[in-house]
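Please model the entire structure based on the sequences and the hints provided.
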Amino acid sequence: MSTLAILQARVSSTRLPGKVLAPILGEPMIARQVERIGRASRIDDLVIATSSDPSDDPLAAWAEAEGITVYRGSLHDVLGRFVGVIAAHAPDTVVRLTADCPLASPSVIDAVIDHFTASDVDYCSNTLTPTFPDGLDVEVVRARVLTEVAEISTDPAEREHVTLGVYRRAEQFTLANYAGNTDLSSLRWTVDTAGDLAFVRRVYEALYESTPGFETGDILDLIERTPGLGRTTDDGIRNAALRGLDTGMMNQ
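For the sequence shown, position 245 (counting from the first letter as 1) is numbered 245 according to the working numbering, and the numbering increases by one without interruption.
Do not rely on the hints blindly, as some may be mistaken.
Using C-beta positions, here's what the derived DEER-type ranges look like [as the list claims (entries may be wrong)]:
| hint | residue 1 | residue 2 | range |
| --- | --- | --- | --- |
| 1 | D114 | G80 | 40 to 46 Å |
| 2 | T131 | L222 | 30 to 36 Å |
| 3 | G80 | Q172 | 38 to 44 Å |
| 4 | A194 | T69 | 26 to 32 Å |
| 5 | L222 | D44 | 27 to 33 Å |
| 6 | D114 | G18 | 31 to 37 Å |
| 7 | A118 | E224 | 29 to 35 Å |
| 8 | A88 | S55 | 28 to 34 Å |
| 9 | S210 | D45 | 25 to 31 Å |
| 10 | T182 | M1 | 27 to 33 Å |
| 11 | P54 | T232 | 21 to 27 Å |
The hints are simulated quantities; they were obtained by calculation from the structure and are not laboratory data. Built from N, CA and C at the ideal position, the CB exists for glycine as well.
The structure is reproduced here in structure tokens:
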């Protein structure tokens, strides 16, 4: 079975425009995330799914220069983008990742994929009942399920949020949640604001040179010994883009 990571990205973020190309230690933020995803052992390949809007030309140019496969599609129909990638690459399993997570954990990615496989479900994530820091989100879904949802859904929210149409249909698809041993869901490690980006830059400045493959425990240790460094959900709403939507199991 082939497992394809699809990293959705766009330059025209509404809250922090251009963040995916914002420099972290001299490299675009998305480059830092791609490097971390590459450390996950359960992923066979990676595609960046961006839009055909001219605003995403610099992102596509960077990826192509780095030898990273790029798929370009609708700016707003992100599910359509994913289905386009599936049609082009024919994976069995898709790992959905978003390009605002430069602290993504390779070990968490692998653990969610392993849980998906062991559970033999259609969809598995660590977000249905979150226990990991915001910014370590991983969703794993059967490729055929995304294609099926794309064929039946005309809901703009489901087209934008890709997997929403899967976990909204818990009566149709089998779901599983992967939980950590400790509830760290109040920690905020995603990048939506200038404050978020400043935090991530400080983490990289402190850890990357000595430990390029730094992991969650290293970040937690850094926060513990650096008063005032950490960010929490008080600094931003988790999954703010989904706020107010009926998300099925996630509302329970």
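Legend entry - Those earlier numbered hints the structure runs against, lowest number first: 1, 2, 3, 8 and 11
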